[in-house]
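Novice: If you want the building blocks of each chain, they are given just below.
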Amino acid sequence: MAQATGIKEIIKPENLVYKKTKLMTDNVLSYCPGCGHGTSHRIIAEVIDEEGLQSESIGICPVGCSVLLYNFMDIDWQEAAHGRAPAVATGIKRLMPEKFVFTYQGDGDLAAIGTAETIHSCNRGENILIVFINNGIYGMTGGQMAPTTLPGMKSSTSPYGRDVAMMGNPLKMTDIVATLPGTYYVTRQSVHTPANVKKTKKAIRKAVQYQKLNKGTCFVEIVSNCPSNWKMTPVQSNKWLEENMLPYYPLGDMKIPEDQPA
Amino acid sequence: MEKELRLMKGNEAVAEAAIRAGADGYFGYPITPQSEILEYLMVAKPYEKTGMVVLQAESELAAINMVYGGAGCGKKVMTTSSSPGISLKQEGISYIAGAELPCLIVNVVRGGPGLGTIQPAQSDYFQATKGGGHGDYHLIVLAPASVQEMADFVDLGFELAFKYRNPAMILSDGAIGQMMEKVWLSPQKERSKTVPEWATTGKPPTRERNIITSLDLDPYAQEVFNQKLIEKYNKIREKEVRYEEFQCEDAEYLFVAYGTSARVCQKSVQLAREQGIKAGLLRPITLFPFPTKKINELADKVKMILSVEMSAGQMVEDVLLSVNGKVPVYHFGRMGGIIPAPDEVVENLKSKITGG
Chain A
1 MAQATGIKEI
11 IKPENLVYKK
21 TKLMTDNVLS
31 YCPGCGHGTS
41 HRIIAEVIDE
51 EGLQSESIGI
61 CPVGCSVLLY
71 NFMDIDWQEA
81 AHGRAPAVAT
91 GIKRLMPEKF
101 VFTYQGDGDL
111 AAIGTAETIH
121 SCNRGENILI
131 VFINNGIYGM
141 TGGQMAPTTL
151 PGMKSSTSPY
161 GRDVAMMGNP
171 LKMTDIVATL
181 PGTYYVTRQS
191 VHTPANVKKT
201 KKAIRKAVQY
211 QKLNKGTCFV
221 EIVSNCPSNW
231 KMTPVQSNKW
241 LEENMLPYYP
251 LGDMKIPEDQ
261 PA
Chain B
1 MEKELRLMKG
11 NEAVAEAAIR
21 AGADGYFGYP
31 ITPQSEILEY
41 LMVAKPYEKT
51 GMVVLQAESE
61 LAAINMVYGG
71 AGCGKKVMTT
81 SSSPGISLKQ
91 EGISYIAGAE
101 LPCLIVNVVR
111 GGPGLGTIQP
121 AQSDYFQATK
131 GGGHGDYHLI
141 VLAPASVQEM
151 ADFVDLGFEL
161 AFKYRNPAMI
171 LSDGAIGQMM
181 EKVWLSPQKE
191 RSKTVPEWAT
201 TGKPPTRERN
211 IITSLDLDPY
221 AQEVFNQKLI
231 EKYNKIREKE
241 VRYEEFQCED
251 AEYLFVAYGT
261 SARVCQKSVQ
271 LAREQGIKAG
281 LLRPITLFPF
291 PTKKINELAD
301 KVKMILSVEM
311 SAGQMVEDVL
321 LSVNGKVPVY
331 HFGRMGGIIP
341 APDEVVENLK
351 SKITGG
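Chains as they are written, first to last, in my numbering: chain A, 1 to 262; chain B, 1 to 356.
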């Protein structure tokens, strides 16, 4: 009895430090335990909610693990063909310039099959947000080599490790789009520690706010993990991410608006 | 507001008709023989007058996916291309059909396969009428035979696309796209302010979220959806067949031809009749839905049917299915960008009559 009273003392509203985000639906996430997608979804949902943009938002889902993203966030969605999300977003934004339009894409979607759509949308300076989840592998199809797979990194289609002489080096798409005059804000973040989750949320919030200015494309890369296809526990995968992914994909802003306070 | 008479290329007529139809957006990529459409729109700057968006995409893939995005917002959007470009668009067209979105696609056909020629052909009939991309679906396919119909079918195509939430295609060719004729243009329509209930325009608190997708991982649910599409296509087959008859009343020999070939065959009917051969022409205006029933009825009255196409023989398969063995059906076609001459068609008919 004493314990029960204790819990009642604790669960008072003023003691609440964490709750389900309003814009996340009750549908069960389709992701593997420990995957960074869930955290990334939550960050975006929180920002849209906090910015009061639910009725203004149209998201575009990719083909990949997050193909069912429209089941998880309570806003309007369009499901794009593989790699074509930035073109779909272009169509939407051009026809409804007053709306907040964003894509959510994995590395295969954005940096392989959708390379042209990504680069040209950024080059035109489409006033959209592109969220780029980079976990260095094709997750949904079962762990094949991605354009972002690290040199020597094993996958089901690079079983002896990525041979750069045969397959080239990992493509740093974020670095590329940062060079284009059409982009306004380009940053690389991660969700592998609580501190990084906070930084990522800050970056997403900035990007969402910058959208209203119509000054060009905002591009946020989130370096993430894939415990299942990396064949690691979630904790191991986050450690591996820090030790292997981050040296190749260093975190931080790559392009910050000159006309904005730092 | 009265109609306005102009002398225009077929391609220009499509562009002007799109503006006047109150289109919300056009997304295209240059390819011969239809680049005048994008060029005309860029000169006309409709975004300053009606607010219609015009954008040159980086590829046909991007253009059709911009159309997908706009269509998903309930907007009146379109793209145009020619055969190789339409092949590239097929992925997007399949997704648009799968997501049940309305849009207008114009194919100004050139000869193929591959890069082929830039001259007119009708060799994309299968692609246009049987789906074109992957999966079980159909487009509503309109076949103009004049610059006037190039203009008129823009409005009709949008109307049917929205009526059935299905992509519509104008299947033209390089001849109709490039030739100049007089055309009566409809007065300017206002852009629609109506937002379809399914459109993704941002979720207000008053409704559930809208999702535009063609994905269903549950095979049973996917089959139910496939059945729904079949029902829609059957309704279109029932309600939307359009064709034109030319001297069919007493015809003993029937040409079936669409678009440019139908214009040729109209002359062939006259030439044949001058030689004592009672020829007639049935011109399908909709290729999907195909005038199956009408052709079957005509097969009761004629001795033979000749399907005349600028292809190796594609529509002839639908003619054969329509006739269902009642009378002999033959095909005559020129390919590679060649338009058959009217007397050439008559000679072919005569050889079929005498040769059996």
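Read the hints as simulated data drawn from the structure, not as lab findings.
Given the structure is predicted, the values throughout are model-derived calculations rather than measurements.
Ideal placement from N, C-alpha and C gives every residue a C-beta, glycine not left out.
Wrong hints could be hidden among the right ones.
Within a straight-line C-alpha distance of at most 20 Å, the following computed SDA-like cross-link-like pairs (lysine to any residue) qualify [to be verified]:
{"hint": "1", "chain 1": "B", "residue 1": "203", "chain 2": "A", "residue 2": "42"}
{"hint": "2", "chain 1": "B", "residue 1": "193", "chain 2": "A", "residue 2": "98"}
{"hint": "3", "chain 1": "B", "residue 1": "193", "chain 2": "A", "residue 2": "196"}
{"hint": "4", "chain 1": "A", "residue 1": "22", "chain 2": "B", "residue 2": "208"}
{"hint": "5", "chain 1": "A", "residue 1": "239", "chain 2": "A", "residue 2": "209"}
{"hint": "6", "chain 1": "A", "residue 1": "22", "chain 2": "B", "residue 2": "204"}
{"hint": "7", "chain 1": "B", "residue 1": "203", "chain 2": "A", "residue 2": "68"}
{"hint": "8", "chain 1": "B", "residue 1": "203", "chain 2": "A", "residue 2": "239"}
{"hint": "9", "chain 1": "B", "residue 1": "203", "chain 2": "A", "residue 2": "55"}
Chain B is faced by these chain A residues, among others (derived, beta-carbon under 10 Å) [said to hold, decoys possible]:
{"hint": "10", "residue": "15"}
{"hint": "11", "residue": "18"}
{"hint": "12", "residue": "74"}
{"hint": "13", "residue": "81"}
{"hint": "14", "residue": "96"}
{"hint": "15", "residue": "99"}
{"hint": "16", "residue": "101"}
{"hint": "17", "residue": "119"}
{"hint": "18", "residue": "193"}
{"hint": "19", "residue": "196"}
{"hint": "20", "residue": "197"}
{"hint": "21", "residue": "199"}
Novice: Does each hint fit the structure? Answer for all of them.
Specialist: Hints, one by one, checked against the model:
1. Between residue 203/B and residue 42/A, the direct Cα distance comes to roughly 18 Å. Compliance with the 20 Å bound is thereby established for this hinted pair.
2. Our distance criterion of 20 Å between C-alpha atoms is met by residue 193/B and residue 98/A, whose separation comes to about 15 Å.
3. In summary, the hint linking residue 193/B to residue 196/A is not supported, as the alpha carbons are separated by about 44 Å, beyond the 20 Å threshold.
4. Taking the CA atoms of residue 22/A and residue 208/B, the gap is about 14 Å. The hint holds against a cut of 20 Å.
5. Of the pairs offered as hints, the one joining residue 239/A and residue 209/A is violated, with about 32 Å between alpha carbons and a cut-off of 20 Å exceeded.
6. Simply put, residue 22/A and residue 204/B have alpha-carbon atoms about 14 Å apart, close enough for the 20 Å limit, and the pair holds.
7. With a C-alpha separation of about 18 Å, the suggested pairing of residue 203/B with residue 68/A holds against the 20 Å cut-off.
8. A hinted pair counts as satisfied when its Cα atoms are at most 20 Å apart, and residue 203/B with residue 239/A does not qualify at roughly 39 Å.
9. Of the supplied pair hints, the one linking residue 203/B and residue 55/A holds, its CA atoms being roughly 4 Å apart against a limit of 20 Å.
10. Interface hint status for residue 15/A: violated, as the beta-carbon distance to the closest one in chain B is roughly 29 Å, over 10 Å.
11. Of the supplied interface hints, the one on residue 18/A is violated, with its beta-carbon coming no nearer than about 25 Å to a beta-carbon of chain B, more than 10 Å.
12. Given hint, residue 74/A at the interface with chain B, holds; its Cβ is 6 Å from that chain's nearest Cβ, closer than 10 Å.
13. Taking 10 Å as the C-beta cut-off, the interface hint given for residue 81/A holds, the closest approach to chain B being about 5 Å.
14. At its closest, the beta carbon of residue 96/A sits 6 Å from a beta carbon of chain B; the interface hint therefore holds under the 10 Å criterion.
15. About 6 Å separates the beta-carbon of residue 99/A from the nearest beta-carbon of chain B, less than 10 Å, and the hint is met.
16. Taken as an interface hint, residue 101/A checks out: its beta carbon lies about 8 Å from the nearest beta carbon of chain B, inside 10 Å.
17. Given hint, residue 119/A at the interface with chain B, holds; its Cβ is 8 Å from that chain's nearest Cβ, closer than 10 Å.
18. Interface restraint check: residue 193/A against chain B, minimum CB-CB distance 32 Å, threshold 10 Å, status violated.
19. Contact between residue 196/A and chain B, as hinted, is not supported at the beta carbon level, the nearest pair being about 29 Å apart and thus beyond 10 Å.
20. Look at residue 197/A: its Cβ only gets to about 25 Å from chain B, farther than 10 Å, so that hint breaks.
21. Hint status for residue 199/A: violated, given a least beta-carbon distance of 28 Å to chain B, over 10 Å.
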